[in-house]
Amino acid sequence: MGEKIGVYVCHCGSNIAGVVDVEEVARWAKEKFPEVTVSRDYKFMCSSPGQELIENDIKDLGLTRVVVAACSPHLHEKTFRGACQRAGLNPYFFEMASIREQVAWVTKDKLQATIKSKALVDGAIRRVINHESLEPIKVDITADTLIVGGGVAGIQAALEIADSGSHVILVEREPSIGGHMAQFDKTFPTLDCSACILTPKMFDIGNHPNITLLTWSEVESVDGYVGNFEIKIRKKARMVIEDLCTGCLVCQEKCPKRVIDDVYEVGMAKRKAIYVPFPQAVPNKPVLDTENCTFFQTGKCQVCQKVCPTGAIDYEQKDQLLEFKVGNIILATGYDLFDARRIPQYGYGKLPNVITSLEFERLTNASGPTNGEILLADGRKPETIAVVHCVGSRDKNYNEYCSSICCMQSLKFAHLAREKTGAQVYNFYIDIRTPQKDYEEFYNRILDEGTLFIRGKVGEITNIPRTAEEEGKLIVQAFDTLAGIQRRIPVDLVILSAALEPRSDSVEVGKLFGIACGAQGWMIERHPKLDPVATMTEGVFIAGCAQGPKDIPASVSQGAAAAARVISKIQQGQVLLEPIRASIDENRCSGCRICNNLCPFTAITFDEIKEVSSVNVALCQGCGTCVAACPAGAISGTHYSDKQILSQIEGILDPALQLSK
Amino acid sequence: MSDNPNNQFEPLILGFTCNWCSYRAADNAGLARLKYPPNIRLIRLMCSGRLDPQFILKGFAEGADGVLVTGCHPGDCHYVEQNYKTMRRFKLLHKTLDQMGVKRGRLKLVWASAAEGMILANEIEKFVEEVRQLGPLNWPKWDKPLEVVADYEVVVEEK
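Chains as they are written, first to last, in our numbering: chain A, 1 to 661; chain B, 662 to 820.
If you are wondering where the hints come from, they were derived from the structure by calculation, not from laboratory data. A couple of the hints might just be wrong.
[What the hints assert, rightly or not] Quick look at which bits of chain B chain A covers, simulated, 3 or more residues with Cβ under 8 Å:
(1) 674 to 688
(2) 713 to 725
(3) 751 to 759
(4) 773 to 786
[What the hints assert, rightly or not] To list a few chain B residues with every Cβ distance to chain A over 10 Å, as calculated:
(5) L706
(6) K764
(7) G796
From a predicted model like this one, the values you see are computed outputs, not experimental measurements. For glycine and all other residues, C-beta sits at the position ideal for the given N, C-alpha and C.
Take the sequences, apply the hints, and build the full model.
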């Protein structure tokens, strides 16, 4: 065999070299394979000098193949392919052996680790010999982008892309965009009004010439791949003709049916059966809730139709299925609030005046059910208030993770409650976590204001008094870990800072778009540190709380980051795809058609005249299922050919590299 | 093995992973520094659907005592539904192995999503132990000349 192979074994500092004898692996490779022209070990192969090492060897020694034994190819395959390309070698004449993730980090025994590393390198060397020169497939990018979720992350992403001149389709499930941020009163640590900073952005979305806003809509299906996604969106019947509606809201005013608003007002106030969720809603066009509408339930009423000055009410309206072609997708689907009923000892849902964080936001919001007055269920003003941190977070019974926003939110609640009612506020916390700019200063400010902090996880909230002082109060019991005593604090109002949880349907939504969710249900990013907004599916990005709990500044940053990624793709105009595709050798195809039904992308078609099947390269995604199924061996899979894999198996199982006894 | 005072049999396991889920699970297990036996050696495919039955037989023929097939959970396939085809082939392969006198326990199918490094590591550990109990496979190599194969005492395993 005439190949000249360069083998490079990375130390990765001590990450690999601390467990694997890298020098020995490099020495062995050179000794075993006559094709191995040069074999080196180096501290950090991914560093510039490491890459230059490869480039110089390709140029000076005329290497025709390169093997790097280092970390996972998901991390640095691209890096080293780039090095090959710069030195004039086809980047697909490269193979990587993952001796960090698959050996050094998971193996205790150093000797066995070295043997396993050799086996993986052996497989890689034998495989790379059979590699072929390939060119990436170029695909045009459709400039339009789909953004799912109209919370602050989705809004930011939509505006960034639309302002750059490309078209955005923004889909929101609820009647209005705004998300959770629209429900809040003030934002920490600046205490600026949430609506005041959000509504201008919402207004821009509603009026932007480059944004198609579809509220009261959900994505039904997603087909295709990066650059060429085909999307079907179900636009639910509003029963209001949007083009005719002027947003005068006379219908809402005159509608006689009042329904508890479980979404925007979290059950604390009523809305009408035809409604916009809040005054600043975008679009400012109502939705008719047919489940609660008197006309839809009894056949009588039609008040809205009678009072509408433009005749915009249409009781016959049906759901519409809209089709779009987009190049990229951003998922900003947000979070659900933890259901505090799951912690029965906190009494939420049973005890009046035990409320969640979102309920308090509505209570203290000037547009909320009490016009911003913090009142108890019986209309009194509270004199003492408890804020309980970590409700459903940092608790192995519910969610192990920290919801990241609750500390700051609870500090904000303490401030707002004191300011508005003069009440004494107690914050029950496990640890105070204030890691961002100006957050610790905010904590100090709240301390100075006189809020009392008790370090201890609340064990119980009850209304059963033990003393006269506790009569008629809610008693919060916690073990004060700093004082070392049990405390029972009688209060009038308890605010539970409930955890942020993944959307209840996050896994299904992920599946729809071909991305995975972690064990907790948050959508998985491509890399937790270096690629937090991309996903394993090319062209699908995530932003905001869909990816994990985060506050408003972080959600906005991620929205903008995802948008930047999309804009760069649009500007390139084309995307390079891995040339991993199936192809059929017509001369060997017997026309049995076994492969035809195996392809979920309908990429394989049968030519009735020639009686052979063929692969449409544009549709093929390269899974290789047909390759494995062809009884005649007529289908081959680029970069994952039988020859390549079989030779890798031979190398990996080389009897000389059996584990030593 | 140096941490193996009983000088017990160390099975050699060949594992096939899917680029989108189980290969990432292996990355994940590494990142979390989970420890599992070094007996397994993984090969990356784009999809478990690419798994040609001949790869598995080749593995046994090349000296593997067990073969682990991994892929995305049913319904999670990056290529829509190809893991269901893997499942079908897997059942057929088990039957084929029966006919060849190889115990079904030597070929195992495990679903592991990209987040499930822990599951993958645990399954590998379990599988290595299961194959250790089954003992060495000692299949004759395919590339041996015919007369050598004829001399070879083929030990057919009990079902």
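inquiry  = At least three residues with a C-beta closer than 8 Å to a C-beta of chain A: is that true for the stretch 751 to 759 of chain B?
reply    = violated (count 0)
task = Count residues of the stretch 674 to 688 of chain B with a Cβ under 8 Å from any Cβ of chain A, then say if the count reaches three.
result = holds (count 7)
request  = With 10 Å as the threshold, tell me whether L706 (chain B) passes as away from chain A on beta-carbon distances.
outcome  = violated (6 Å)
ask   = For the stretch 713 to 725 of chain B, do at least 3 residues have a Cβ located nearer than 8 Å to some Cβ of chain A?
value = holds (count 9)
query = Counting residues of the stretch 773 to 786 of chain B with a beta carbon closer than 8 Å to any beta carbon of chain A, are there 3 or more?
reply = Our answer is that it holds, as 5 residues pass the Cβ test (under 8 Å) against chain A, meeting three.
ask   = Minimum Cβ separation between G796 (chain B) and chain A greater than 10 Å?
value = holds (14 Å)
ask   = Is it correct that the beta-carbon of K764 (chain B) has no partner in chain A closer than or equal to 10 Å?
value = holds (19 Å)
Of the numbered hints given earlier, the model fails hints 3 and 5; all others are met.
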